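Could you build the full structure based on these sequences and the hints that come with them?
Chains as they are written, first to last, in the UniProt record's numbering: chain L, 1 to 386; chain E, 1 to 281.
Calculated directly from the structure, the hints in this document are not laboratory data. Predicted model, so just to flag it, every value in this text is computed and none were measured. Where hints are given, some of them may not hold.
Computed spacing ranges between beta-carbons, pair by pair [what the hints assert, rightly or not]:
#1 L215(E) - L17(L): 42 to 52 Å
#2 I104(L) - S140(E): 41 to 51 Å
#3 Q135(L) - L257(E): 51 to 61 Å
#4 V264(E) - K132(L): 25 to 35 Å
#5 Q109(L) - D224(E): 46 to 56 Å
Every residue gets a Cβ at the ideal spot worked out from N, C-alpha and C, and that includes glycine.
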Amino acid sequence: MATLELRNVNKTYGPGLPDTLKNIELSIKDGEFLILVGPSGCGKSTLMNCIAGLESITGGAIMIGDQDVSGMSPKDRDIAMVFQSYALYPTMSVRENIEFGLKIRKMPQSAIDEEVARVAKLLQIEHLLNRKPGQLSGGQQQRVAMGRALARRPKIYLFDEPLSNLDAKLRVEMRTEMKLMHQRLKTTTVYVTHDQIEAMTLGDKVAVMKDGIIQQFGTPQQIYNDPANLFVASFIGSPPMNFIPLRLTRQDGRLVASLDSGQARCELPLGITDAGLEDREIILGIRPEQIALASEQTTGLPVLRAEVQITEPTGPDTLVFVTVNQTKVCCRLAPDDAPMPGATLNLLLDPSKVLLFDAASGERLGTTRSVEDAAPLGNVTQFKGR
Amino acid sequence: MTDLAAKPAISLSRIAIYAVLILAVLLYLVPLVVMLLTSFKTPEDISTGNLLSWPTVVSGIGWVKAWATVDGYFWNSIKITVPAVIISTAIGALNGYVLSMWRFRGSQLFFGLLLFGCFLPFQTVLLPASFTLGKIGLASTTTGLVLVHVVYGLAFTTLFFRNYYVSIPDALVKAARLDGAGFFTIFRRIILPMSTPIIMVCLIWQFTQIWNDFLFGVVFSSGDSQPITVALNNLVNTSTGAKEYNVDMAAAMIAGLPTLLVYVVAGKYFVRGLTAGAVKG
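Shown next as structure tokens:
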């Protein structure tokens with residue numbers, strides 16, 4: 001059990017080559033679950049390999065507890081890792097796979113047997129102990145890989161996309177199991193994924209990465225409600241946030257967004273009042289669930305009339321697509337309210353939830369609105385581009 | 001059912017195919033048959049009958065004489081081949097392990113240069129090798145010949161193992177490193193147990209090459225330390241006395257038997273190992 005702190009970590013594969021990791025700065029407390037999320041090639045797996053010691057860093061420091069492990073070899077860092085391909089030793093039985101690391105560390109055989117029994121019981125793989133990995137299903141292999149990591153009781157667990165080779169149903173099951181396991185064991189964990197649902201559901205802290213840079217580091221709620229830039233806003237959330245290009249005007253001291261569905265126009269006064277936002281290219285972000293149907297009670301609020309182009313019933317919700325400012329906009333409505341394509345809707349956009357981004361740089365604009373459940377702004381690492 | 005019954009069981013094209021195949025098999029087998037038949041004939045029988053005629057008296061005298069002549073050389077060949085095969089395969093495995101899983105700066109170039117060794121004809125290394133053996137005091141010794149075979153074989157064995165190991169996922173080595181295993185522990189406990197097919201390929205290849213070698217044997221050994229291939233040549237090329245073809249043939253069969261045995265015992269691994277890398281991808 002230990003804290004993990006990355007201090008200004010840099011990684012490059014050689015002079016003249018672009019940096020793979022740039023000024024990575026983050027820290028998690030003992031027992032926290034950290035998610036590294038981002039598109040492929042963003043450096044998240046490299047960062048994990050650096051934490052594991054499988055790759056060296058070219059600058060900065062990696063602290064586990066109070067110890068700088070940057071120069072240490074993987075075996076001395078007291079970490080265990082679960083690989084995407086599971087990396088089970090094919091010629092060894094499940095039992096031998098779990099024992100391997102313990103034997104190398106010269107644990108007495110009685111303690112090894114005890115540990116294997118504990119892990120096997122925890123993961124319900126007791127009946128598989130004498131089989132070879134090739135005789136197991138994908139889900140069983142995954143459990144054995146986790147068992148191998150759990151057996152050593154390391155300071156930190158590293159998971160490198162452990163669920164991505166499983167089918168959809170099993171993946172959801174294992175996700176829940178993983179969360180349960182972490183709640184029970186409370187071991188500091190770093191988890192790499194490209195799946196934003198895994199990131200949201202599993203993480204205590206999430207670091208969204210792109211091009212070797214941490215775009216934002218915070219709790220899942222901060223990342224979801226308060227994205228630092230256009231990239232984070234678009235990467236997290238499914239269906240993704242709507243981005244509507246427009247220009248703002250100022251009326252009576254308030255910023256007003258003008259929306260045009262092709263059928264009607266709507267002037268939406270925003271809660272944001274910052275100076276300097278009017279008369280420039282802005283992208284307005286709003287999540288599909290922040291758009292509602294206007295009922296007869298909701299009077300006085302500006303309503304946008306729009307024609308439904310396509311509907312996608314997902315079961316619990318129906319996604320309704322309309323066009324606003326020549327951009328496709330997705331609204332998440334209750335199935336009972338969902339209209340047929342071609343129908344006209346009165347839509348209500350929640351002006352307090354609207355986010356603004358600079359069209360050119362993608363950076364977040366305007367004062368961060370207060371979010372009840374999010375921590376203070378100080379914890380949010382802002383975009384560190386250029 | 002009627003459809004099937006109506007069709008002839010053996011079609012004309014099928015007969016043609018088998019005819020060609022059988023012809024090819026016969027052509028391939030003729031030399032072996034001639035050798036076998038001749039080896040069991042008496043010298044008189046050979047001079048009177050034709051090549052393919054059955055021996056009038058089946059006589060083992062050719063084999064007895066042949067074994068008496070090549071006996072010592074046969075064991076020489078074993079003494080040369082067994083250590084050379086084992087050492088070159090072991091070093092090749094280690095080389096392949098390093099070149100595929102512990103890449104270092106310039107390892108690709110190193111591997112590329114090593115491959116040149118596969119294309120070097122035997123003749124080009126004769127002079128440098130004999131010069132080197134002379135310098136280190138191993139000229140005309142069995143150890144020296146073993147050394148030449150090991151060095152010459154390394155290019156091939158390294159290539160075999162490297163290409164086999166490239167298809168093993170890197171994550172295995174990473175996982176073992178995190179488990180605390182070092183360079184040799186990973187090799188011995190994880191990689192080697194997975195290598196049976198390619199070890200077989202390597203053993204067969206090297207055994208065939210080294211056992212059948214004549215040139216290195218004739219150049220780098222002398223007198224009583226010569227391998228069986230050289231002894232066979234000396235036996236067959238003697239110009240004194242009457243030609244004892246039955247002895248020649250029996251000696252040639254004896255010289256060829258070990259390779260045949262290796263193929264029979266390990267042959268299935270040979271094909272499996274050669275295709276293993278290709279299928280796994």
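Taking the hints in turn, this is what the structure says about them:
For L215(E) and L17(L), the Cβ-Cβ distance of about 48 Å falls inside the hinted range of 42 to 52 Å, so the restraint holds. For I104(L) and S140(E), the hinted distance range of 41 to 51 Å is satisfied, since their beta carbons lie about 47 Å from each other. For the hinted restraint 51 to 61 Å between Q135(L) and L257(E), the CB-CB distance of approximately 40 Å leaves it violated. Remark: the range hint 25 to 35 Å for V264(E) to K132(L) is upheld by a beta-carbon distance near 29 Å.
With their beta carbons about 54 Å apart, Q109(L) and D224(E) fall inside the hinted range of 46 to 56 Å.
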